Structure formats: structure tokens, C-alpha cells
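Student: Spelled out, the chains give:
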Amino acid sequence: EPEVTQTPSHQVTQMGQEVILRCVPISNHLYFYWYRQILGQKVEFLVSFYNNEISEKSEIFDDQFSVERPDGSNFTLKIRSTKLEDSAMYFCASSEMNEQFFGPGTRLTVL
Amino acid sequence: GNSVTQMEGPVTLSEEAFLTINCTYTATGYPSLFWYVQYPGEGLQLLLKATKADDKGSNKGFEATYRKETTSFHLEKGSVQVSDSAVYFCAGDNDMRFGAGTRLTVKP
Numbered sequence: 001e002p003e004v005t006q007t008p009s010h011q012v013t014q015m016g017q018e019v020i021l022r023c024v025p026i027s028n029h030l031y032f033y034w035y036r037q038i039l040g041q042k043v044e045f046l047v048s049f050y051n052n053e054i055s056e057k058s059e060i061f062d063d064q065f066s067v068e069r070p071d072g073s074n075f076t077l078k079i080r081s082t083k084l085e086d087s088a089m090y091f092c093a094s095s096e097m098n099e100q101f102f103g104p105g106t107r108l109t110v111l
Numbered sequence: 001g002n003s004v005t006q007m008e009g010p011v012t013l014s015e016e017a018f019l020t021i022n023c024t025y026t027a028t029g030y031p032s033l034f035w036y037v038q039y040p041g042e043g044l045q046l047l048l049k050a051t052k053a054d055d056k057g058s059n060k061g062f063e064a065t066y067r068k069e070t071t072s073f074h075l076e077k078g079s080v081q082v083s084d085s086a087v088y089f090c091a092g093d094n095d096m097r098f099g100a101g102t103r104l105t106v107k108p
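One line per chain: the protein sequences are X and C, in this order.
The opening residue of the first sequence carries number 1 in my numbering; numbering runs sequentially from there.
The opening residue of the second sequence carries number 1 in my numbering; numbering runs sequentially from there.
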């Protein structure tokens, strides 16, 4: 069964560094999403992406964040100048219609 | 925009007890509604869904009915097991906003 994959599973970085989180959505899906979940807290929507552009973003998704679909398979989230409070699980999701399929997440730890 | 509000918990039950986790929604139009489950240390898995009013989603003994008149999608299970211990999230599409999550702990 097709699934969404994410790499790496765990990323440790120093405060102020840039990180790129990678996702491979399900191949025939057209809509892509990023969410984050700070440990033990709610799942927060970051951004949705369709037709090679951002379709919606939350107030969390400021200039520190960017997304890109650099080729036909990958969907990346770049976080510039990471802060301690960026430590969280980051989930990618993709959908064909209204049901989203989630990847296993990348745990980002900012030291 | 759409939003969902769910009972935050935590909820602690004994095995074989009846479970209800409340979820209500606010929406323009008629969103699809979902329950996701997150087991300890894992990602999000779709548990069940309903795409229109009066639909009932069901899976693994869990059920939820899309009720337009009360704008609700409450999750129920007649007899919970220890293995049901997890965090449950209610969500709606059209930007898929998630509820805050309800942590369920089932004790033997």
C-alpha cells in the first residue's frame, strides 16, 4: 500500500542553523501539507501546497519557513535560523481529495 | 474558516468501559470529518471518517456519526481495551484543522 515517507526520522541541530525536512508524498496525490506537534501538544497546521504553490498557510508559517517541491517526488520544508521553540515533530501529509495520509514524522531537536 | 472543538481530557477508563469523546465543528459548507489516532511514539493514523451528514464512520469497534443538527462527530466505543490507549484527534477537511487531542488511558 502506498505511503508517505519522511526523512530523516530525527534531526538534531544547533540554534540558528537551517534545516530541511524531506517528504515523499503518495505519487498520485496533488495536495501536500506540513504540520507540527510540539511534544504532548496539539497538531498545528503549517501550510498547504497545490499546483506548485502555497494554497494556505497559518500564522506560524512566517518568513522563517519555506516549502518547495524541487522535483516530481519530494516535498520539503526548510526552516531557517532555527530557534529552541522549533523543536517538535513535523508531519507531512498528502491527499488526492479530502482524506489526508500522514507520514511518520521527523522529530526536530534544536539545541 | 472551519474549526473543531473536542473534549481535551485526559480520559482514564477501565478495560471494557464505554468511551465517548466529544467533538463539535464549525464550518461553512459541509466538511468531511475525521478521527485520527496517535499511539505512543507514532505518527497520525486515520481511524475513521464521514463525508456527509448522517454518515457513520466505523473502524476497530469505534464509531462516529456526522450529525448536522448538532454539528457533532462524537467518537464512541462500547468496550475499550488497553491497546486503545492513545491520543485521539478530531479533524475536518478544507484546511484540516485538528482538535486539541484527547489522551485516553485504559487500565486493565
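Don't read these hints as lab results, they were simulated from the structure.
Given the structure is predicted, the values throughout are model-derived calculations rather than measurements.
Heads up, the beta-carbon is just placed ideally off N, CA and C, and yes, glycines get one too.
Be aware that a few hints might be false.
[What the hints assert, rightly or not] Cβ-Cβ distance ranges computed for the label pairs, FRET-style:
hint	chain 1	residue 1	chain 2	residue 2	range
1	C	P108	X	G16	42 to 50 Å
2	X	E1	C	S83	20 to 28 Å
3	X	E3	C	S85	19 to 27 Å
4	X	E53	C	S3	20 to 28 Å
5	C	K68	X	L111	43 to 51 Å
[To be verified] Far from chain C, by Cβ distances over 10 Å, these chain X residues were calculated:
hint	residue
6	M15
7	I26
8	Q41
9	D63
10	E68
11	T76
12	E85
13	M89
14	N98
15	E99
16	Q100
17	F101
18	F102
19	T109
[As the list claims (entries may be wrong)] Example chain X residues on the side facing chain C (calculated, C-beta under 10 Å, incomplete):
hint	residue
20	P2
21	Y35
22	Q37
23	K83
24	S87
25	A88
26	F91
27	A93
28	S95
Student: Indicate, hint by hint, whether the structure satisfies it.
Tutor: Comparing the hints with the structure gives:
1. With their beta carbons about 47 Å apart, C:P108 and X:G16 fall inside the hinted range of 42 to 50 Å.
2. In this structure, X:E1 and C:S83 meet the distance hint of 20 to 28 Å, their C-beta atoms being roughly 22 Å apart.
3. Distance hint for X:E3 and C:S85: a CB-CB separation of about 24 Å, consistent with the stated range 19 to 27 Å.
4. For the pair X:E53 and C:S3, the beta carbons lie near 25 Å from each other, so the given range of 20 to 28 Å is met.
5. A hinted range of 43 to 51 Å for the beta carbons of C:K68 and X:L111 is consistent with their spacing of about 49 Å.
6. At the 10 Å boundary, the C-beta of X:M15 stays outside the reach of chain C, the nearest C-beta of that chain being 25 Å off.
7. Every C-beta of chain C lies more than 10 Å from that of X:I26, the closest at about 13 Å, which supports listing it as non-interface.
8. The non-interface label for X:Q41 is inconsistent with chain C: the shortest C-beta to C-beta separation is roughly 8 Å, within 10 Å.
9. Once the 10 Å rule is applied to beta carbons, X:D63 is consistent with being away from chain C; the minimum gap is 21 Å.
10. The beta carbon of X:E68 sits about 21 Å from the closest Cβ of chain C, which is more than 10 Å, so the claim that it is off the interface holds.
11. The non-interface label for X:T76 is consistent with chain C: the shortest C-beta to C-beta separation is roughly 18 Å, beyond 10 Å.
12. Annotated as non-interface, X:E85 keeps its C-beta farther than 10 Å from every C-beta of chain C; the closest such distance is 19 Å.
13. With a minimum CB-CB distance of about 8 Å to chain C, X:M89 fails to clear the 10 Å threshold, and the non-interface call is violated.
14. Non-interface status of X:N98 relative to chain C is broken: a Cβ of that chain comes within 10 Å, the nearest being about 4 Å off.
15. The Cβ of X:E99 sits about 6 Å from the closest Cβ of chain C, inside the 10 Å cut-off, so the non-interface label is violated.
16. At the 10 Å boundary, the C-beta of X:Q100 falls inside the reach of chain C, the nearest C-beta of that chain being 6 Å off.
17. Not every beta carbon of chain C lies more than 10 Å from that of X:F101, the smallest distance being close to 8 Å; the non-interface claim is violated.
18. Non-interface status of X:F102 relative to chain C is broken: a Cβ of that chain comes within 10 Å, the nearest being about 4 Å off.
19. In this structure X:T109 is separated from chain C by more than 10 Å, as the shortest Cβ-Cβ distance comes to about 15 Å.
20. Taking 10 Å as the C-beta cut-off, the interface hint given for X:P2 is violated, the closest approach to chain C being about 14 Å.
21. Below 10 Å, beta-carbon pairs count as interface contacts, and X:Y35 has one with chain C at about 8 Å; its hint therefore holds.
22. This hint holds: X:Q37 has a C-beta 8 Å from the nearest C-beta of chain C, less than the 10 Å allowed.
23. A hinted interface residue such as X:K83 counts as satisfied when its beta carbon comes closer than 10 Å to some beta carbon of chain C; here the least separation is about 23 Å, so the hint is violated.
24. Using the Cβ-Cβ criterion of 10 Å, the hint placing X:S87 at the interface with chain C is not satisfied: the shortest such distance is roughly 16 Å.
25. Restraint check, X:A88 versus chain C: the minimum CB separation of about 13 Å is more than 10 Å; hint violated.
26. With its C-beta approaching chain C no nearer than about 6 Å, X:F91 sits inside the 10 Å limit, and its interface hint holds.
27. Taken as an interface hint, X:A93 checks out: its beta carbon lies about 8 Å from the nearest beta carbon of chain C, inside 10 Å.
28. At its closest, the beta carbon of X:S95 sits 8 Å from a beta carbon of chain C; the interface hint therefore holds under the 10 Å criterion.
Checked against the numbered hints listed earlier, the structure breaks hints 8, 13, 14, 15, 16, 17, 18, 20, 23, 24 and 25; every other hint is satisfied.
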